[in-house]
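2 protein chains.
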Amino acid sequence: MITGKNIVAGKFSNTGANTFKTFNPELNLDNEWDFFEATADEVNSAMQEAVEAFELFTVCPDDIRAKFLRAIAQQIEALGDELLNVYKMESGLPLNRARAERSRTLHQLNMFADFISKNDWRGTFVEEAEPNRLPKPKPSLYKTHIPIGPVAVFGASNFPLAYSTAGGDTASAFAAGCPVIVKSHPMHAGTGELVASAIVRAIEDVDLPPGIFSNLNSGGIDVGKQIVQHPKLKAVGFTGSIKGGRALYDLAASREEPIPVFAEMGSVNPVVISSNALKTDLKKWVEMYAESITNGTGQFCTKPGLLFGIDSSELDEFAVQLSQKIALKDSTVMLNPSIENNYESNRQLAIEQNNVAVLTEAHDVKPNYGKQTIATVDGTTFFSNPTLHHEVFGPYAIIIKCKNLQQIQEIIEHIEGQLTGTVIVEKEDFEDFKPIVKALSQRVGRLIYNGVPTGVEVTEAMTHGGPYPASTDSRFTAVGVHSIKRWIRPVTFQNFPKELRPV
Amino acid sequence: MITGKNIVAGKFSNTGANTFKTFNPELNLDNEWDFFEATADEVNSAMQEAVEAFELFTVCPDDIRAKFLRAIAQQIEALGDELLNVYKMESGLPLNRARAERSRTLHQLNMFADFISKNDWRGTFVEEAEPNRLPKPKPSLYKTHIPIGPVAVFGASNFPLAYSTAGGDTASAFAAGCPVIVKSHPMHAGTGELVASAIVRAIEDVDLPPGIFSNLNSGGIDVGKQIVQHPKLKAVGFTGSIKGGRALYDLAASREEPIPVFAEMGSVNPVVISSNALKTDLKKWVEMYAESITNGTGQFCTKPGLLFGIDSSELDEFAVQLSQKIALKDSTVMLNPSIENNYESNRQLAIEQNNVAVLTEAHDVKPNYGKQTIATVDGTTFFSNPTLHHEVFGPYAIIIKCKNLQQIQEIIEHIEGQLTGTVIVEKEDFEDFKPIVKALSQRVGRLIYNGVPTGVEVTEAMTHGGPYPASTDSRFTAVGVHSIKRWIRPVTFQNFPKELRPV
Numbered sequence: 001m002i003t004g005k006n007i008v009a010g011k012f013s014n015t016g017a018n019t020f021k022t023f024n025p026e027l028n029l030d031n032e033w034d035f036f037e038a039t040a041d042e043v044n045s046a047m048q049e050a051v052e053a054f055e056l057f058t059v060c061p062d063d064i065r066a067k068f069l070r071a072i073a074q075q076i077e078a079l080g081d082e083l084l085n086v087y088k089m090e091s092g093l094p095l096n097r098a099r100a101e102r103s104r105t106l107h108q109l110n111m112f113a114d115f116i117s118k119n120d121w122r123g124t125f126v127e128e129a130e131p132n133r134l135p136k137p138k139p140s141l142y143k144t145h146i147p148i149g150p151v152a153v154f155g156a157s158n159f160p161l162a163y164s165t166a167g168g169d170t171a172s173a174f175a176a177g178c179p180v181i182v183k184s185h186p187m188h189a190g191t192g193e194l195v196a197s198a199i200v201r202a203i204e205d206v207d208l209p210p211g212i213f214s215n216l217n218s219g220g221i222d223v224g225k226q227i228v229q230h231p232k233l234k235a236v237g238f239t240g241s242i243k244g245g246r247a248l249y250d251l252a253a254s255r256e257e258p259i260p261v262f263a264e265m266g267s268v269n270p271v272v273i274s275s276n277a278l279k280t281d282l283k284k285w286v287e288m289y290a291e292s293i294t295n296g297t298g299q300f301c302t303k304p305g306l307l308f309g310i311d312s313s314e315l316d317e318f319a320v321q322l323s324q325k326i327a328l329k330d331s332t333v334m335l336n337p338s339i340e341n342n343y344e345s346n347r348q349l350a351i352e353q354n355n356v357a358v359l360t361e362a363h364d365v366k367p368n369y370g371k372q373t374i375a376t377v378d379g380t381t382f383f384s385n386p387t388l389h390h391e392v393f394g395p396y397a398i399i400i401k402c403k404n405l406q407q408i409q410e411i412i413e414h415i416e417g418q419l420t421g422t423v424i425v426e427k428e429d430f431e432d433f434k435p436i437v438k439a440l441s442q443r444v445g446r447l448i449y450n451g452v453p454t455g456v457e458v459t460e461a462m463t464h465g466g467p468y469p470a471s472t473d474s475r476f477t478a479v480g481v482h483s484i485k486r487w488i489r490p491v492t493f494q495n496f497p498k499e500l501r502p503v
Numbered sequence: 001m002i003t004g005k006n007i008v009a010g011k012f013s014n015t016g017a018n019t020f021k022t023f024n025p026e027l028n029l030d031n032e033w034d035f036f037e038a039t040a041d042e043v044n045s046a047m048q049e050a051v052e053a054f055e056l057f058t059v060c061p062d063d064i065r066a067k068f069l070r071a072i073a074q075q076i077e078a079l080g081d082e083l084l085n086v087y088k089m090e091s092g093l094p095l096n097r098a099r100a101e102r103s104r105t106l107h108q109l110n111m112f113a114d115f116i117s118k119n120d121w122r123g124t125f126v127e128e129a130e131p132n133r134l135p136k137p138k139p140s141l142y143k144t145h146i147p148i149g150p151v152a153v154f155g156a157s158n159f160p161l162a163y164s165t166a167g168g169d170t171a172s173a174f175a176a177g178c179p180v181i182v183k184s185h186p187m188h189a190g191t192g193e194l195v196a197s198a199i200v201r202a203i204e205d206v207d208l209p210p211g212i213f214s215n216l217n218s219g220g221i222d223v224g225k226q227i228v229q230h231p232k233l234k235a236v237g238f239t240g241s242i243k244g245g246r247a248l249y250d251l252a253a254s255r256e257e258p259i260p261v262f263a264e265m266g267s268v269n270p271v272v273i274s275s276n277a278l279k280t281d282l283k284k285w286v287e288m289y290a291e292s293i294t295n296g297t298g299q300f301c302t303k304p305g306l307l308f309g310i311d312s313s314e315l316d317e318f319a320v321q322l323s324q325k326i327a328l329k330d331s332t333v334m335l336n337p338s339i340e341n342n343y344e345s346n347r348q349l350a351i352e353q354n355n356v357a358v359l360t361e362a363h364d365v366k367p368n369y370g371k372q373t374i375a376t377v378d379g380t381t382f383f384s385n386p387t388l389h390h391e392v393f394g395p396y397a398i399i400i401k402c403k404n405l406q407q408i409q410e411i412i413e414h415i416e417g418q419l420t421g422t423v424i425v426e427k428e429d430f431e432d433f434k435p436i437v438k439a440l441s442q443r444v445g446r447l448i449y450n451g452v453p454t455g456v457e458v459t460e461a462m463t464h465g466g467p468y469p470a471s472t473d474s475r476f477t478a479v480g481v482h483s484i485k486r487w488i489r490p491v492t493f494q495n496f497p498k499e500l501r502p503v
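Top line first, the protein sequences correspond to chains A and B. Sequence positions in the first sequence follow the working numbering and run 1 to 503. Sequence positions in the second sequence follow the working numbering and run 1 to 503.
These aren't lab readings, by the way, just hints derived from the structure by calculation. Among the clues, some could well be false.
Repeated chains share a single entry, so a pair holds when one copy, or any two copies, can fit it.
[Claimed, not checked] Listed next, the in silico SDA-like pairs over lysine to any residue satisfying Cα-Cα at most 20 Å (straight line):
| # | residue 1 | residue 2 |
| --- | --- | --- |
| 1 | Lys283 | Lys329 |
| 2 | Lys485 | Gly123 |
| 3 | Lys498 | Phe125 |
| 4 | Lys88 | Tyr449 |
| 5 | Lys485 | Ile146 |
| 6 | Lys243 | Ser254 |
| 7 | Lys232 | Pro386 |
| 8 | Lys225 | Ser254 |
| 9 | Lys225 | Ala253 |
| 10 | Lys88 | Leu56 |
| 11 | Lys438 | Ile146 |
| 12 | Lys283 | Asn450 |
| 13 | Lys243 | Asp222 |
| 14 | Lys67 | Val206 |
| 15 | Lys438 | Leu56 |
| 16 | Lys138 | Asp222 |
Kindly generate the complete structure, drawing on both the sequences and the hints.
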């Protein structure tokens, strides 16, 4: 049952008077529940409880935290169909997607449980003393990693489960031993509350201090601001827009004690397709890209937004067939009217630019539905117009017809940082494409060969991040076990007897 | 021979008209050389050359970079006595210290050469494809780490070699494959030029692109500002004051593309001494701490500045003997008149605070010499007066007489982040000291048992960093092979054929 209340250290709380509602984009009406904006007192209580709980959580044995992560997964699963239905009501995403995302969420929690069950995850490294070393003795050194402290998590609009309340940021922070304060996403506050209540039950199951988790509602930005500015907060995880991520980054950097923010933000995910690949397999690439651009109404941070090719009859044919394929697809609903409004204005802005031609554009769609669109432009225009480099979050892509590979390389060297870059080539293209691959590797966190960028494997070898503005710190990943490195720091014990070291 | 010129991508350059001189604090007069302030054009050229050189350096094989690092060490050694003499003339530090610091610098370069000669230093991790996985195939993933791009290095006043031109930041950045732009320290610009010329010769020896290194002179802050604001710079390494480090951090955070800054800054390095330890070994601790506080005129970032104990006859006796020991030591010269001025005003500010008593204070010292000082204060006063928590960079320490261990713990929980924390205890103290050790572990990068914090081992198990303001990012270390992690980022190749991956 959804109460609309905040959860402050395990307790439901609604001391404030202001409320907001979530929205069903498919039905185009408000959902029933009223969510209570967290008050300044509730934020302070959540932070204070987190600080106190950290005293215990920081020395909580790995096996107990592993048990806790598995308990969260079990409690989320136990929410059953209610979770799936609320997810659908708050996002417009279909039930099969809800199921897939739930699986991914449970997988992430269990993956971190496995990871911290291995003894070597802290990178502990011991150097013995050398009492006879000259000119002076070498001390013994024991280096390990400890949790950084309370972490704030801001979930994503487009992943109400896997990148939200108990998503990758929360799972990795708990795995590290950090308390988590979630600023619940206002578009899916009900989904968030259900998952938050599952976390609370898991805390009870494993008998951990309730202060390690709070879930705070807010339809605006003040609650998030207050959390990030709280002097005891030690780090921030965010998934969302460049504007939102940068605002939090700036706030965190201007604190008296600056703290790290890992924000995974915008990306247009360039794809470079060789004429040979189009000659060989046109139909395959048309099908794969029609799907990748429109799947989930194009609301993936890895959606391919820029398709580069050499101006040629092959590229023209690809453009025609891709457009036809996409025109035949049914339009689908977007997450929220505000997302649809942003899509529509960004889409309009892009297609109104000089020399941009629209190849396909859906018309007369239902309210909150995304008009799937394919546009095209020449490389010279694209290079000189930064408006065309920006993300259009939704079922939109632009085909860029370039003079030659040098022009594509030059464009890639001038675009902003990206989550992904893709090349679609045949063997005979390898030599020619090496400079393109190198240029992409300087710009992205992940390179894909002969595939689509959508679909992020949750594994140790994944990098989900990249140079700014794909993320605020390209040295980390948001996905996979190494995402835990965002929340731990090294500490060295010199000549310390074992009995005197904290666990 | 010292020319006073900048080095821009291997070429000596003095297009500007403004010059400055370094200062011999021992003789209390200017050194002979005129150093040319780098101009905006020289900064831009250095950056542009770095960007172009990075194209080659980023794919430079590990064994060539290892050879390069060893060549730098050889070329620095080949500078012979000239380097040691200039070092002494610009810092006032004695020749034996110059020799020790040179050894450390060579060791760091060779250590990184060894490190990148091991195949696994990039943390490369491969996952095979699983074409039959359901519901969809798993791609192959190849994750590795690549250099982040051009890095700016701002050296330390107190380590003209080991934390400066070819110090740990530069060595680790070159090891990673990043071009380095050094903003030479104005107090030891001659030492810097000699080392920079050694780097240039090493670049020639190994035939690398000259753009991977520039050395820019400046007596003010504008050159550093221009470097950090250059859009192609990707990271900053800094060692110095909180004020300087924070200014660079703020500049970097406010760029259109924010970049990471690792600044190692201030620290007061709390030490907690048990009464039992004083009963058992008073003389030993007096000798060790008299040396640790005054060595190098107290100009170490790890100098113990706060000595906590329980108000007792043992602590009184320690205070008396430590003061006597320090009073008997000859005063020594500080690095520079400005450092001495800062020391003197910070020292005065501290000893003028309410309830602070001076136990020892050197008088009538020569110009630029540091007055070694031991003061004392009660725990309650210390707790409530943040002025006493600040670093006094020089041969100064304050003994804090506390009511009990709870008071010490409470104070530690409220002081800022530190590079180190030390406990001096006997076995029978272990149980009582566990909360102290835990509180320290939340505040510092390194904990020392029954020793002094000065003396930082350059090894894999070292952590030299800590919570703000000890550093701007507690997740990294400035010393040891893991300091390379500041300059590398992960990248994943999905389904990529080996032939198409950059080296």
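Okay, the hints, checked on the actual structure:
1. Taking identical chains as interchangeable, the C-alpha atoms of Lys283 and Lys329 lie at most 20 Å apart only when both belong to the same chain, with a minimum of 16 Å there against 85 Å between chains.
2. In this homomeric assembly, Lys485 and Gly123 come within 20 Å of each other (Cα to Cα) both inside a single copy, at 11 Å, and across copies, at 14 Å.
3. In the homo-oligomer, the alpha carbons of Lys498 and Phe125 lie at most 20 Å apart inside one protomer (14 Å), although the nearest pairing across protomers, at 33 Å, exceeds that limit.
4. When the C-alpha separation of Lys88 and Tyr449 is checked against a cutoff of 20 Å, the pair qualifies neither within a copy, at 33 Å, nor between copies, at 57 Å.
5. For the homomeric pair Lys485 and Ile146, the shortest alpha-carbon distances inside one copy (10 Å) and between copies (17 Å) are both at most 20 Å.
6. In this assembly of identical chains, the alpha carbons of Lys243 and Ser254 lie at most 20 Å apart whether taken from the same copy (17 Å) or from different copies (14 Å).
7. Taking CA atoms no more than 20 Å apart as the test, Lys232 paired with Pro386 passes between copies only; the shortest distance there is 18 Å, against 40 Å inside one copy.
8. Taking the closest pair of Cα atoms, Lys225 and Ser254 come within 20 Å of each other both inside a single copy (12 Å) and across two copies (18 Å).
9. Proximity of Lys225 and Ala253 under a CA criterion of 20 Å is satisfied in both settings, with 13 Å inside one chain copy and 18 Å between copies.
10. For the homomeric pair Lys88 and Leu56, neither the shortest alpha-carbon distance inside one copy (37 Å) nor that between copies (50 Å) is at most 20 Å.
11. Taking the closest pair of Cα atoms, Lys438 and Ile146 come within 20 Å of each other only across two copies (11 Å); inside a single copy the shortest separation is 36 Å, beyond that limit.
12. Only within a single protomer do Lys283 and Asn450 lie at most 20 Å apart by alpha-carbon distance; the minimum there is 14 Å, versus 72 Å between protomers.
13. Within a single copy, Lys243 and Asp222 get their C-alpha atoms as close as 15 Å, which meets the 20 Å cut-off; across copies the closest is 30 Å, which misses it.
14. Proximity of Lys67 to Val206 under the C-alpha cut-off of 20 Å is restricted to the intra-copy arrangement: shortest distance 7 Å within a copy versus 54 Å between copies.
15. Only between protomers do Lys438 and Leu56 lie at most 20 Å apart by alpha-carbon distance; the minimum there is 11 Å, versus 47 Å within a single protomer.
16. Taking identical chains as interchangeable, the C-alpha atoms of Lys138 and Asp222 are never at most 20 Å apart, the minima being 52 Å within one chain and 42 Å between chains.
Of the numbered hints stated above, those contradicted by the structure are hints 4, 10 and 16, listed in ascending order.
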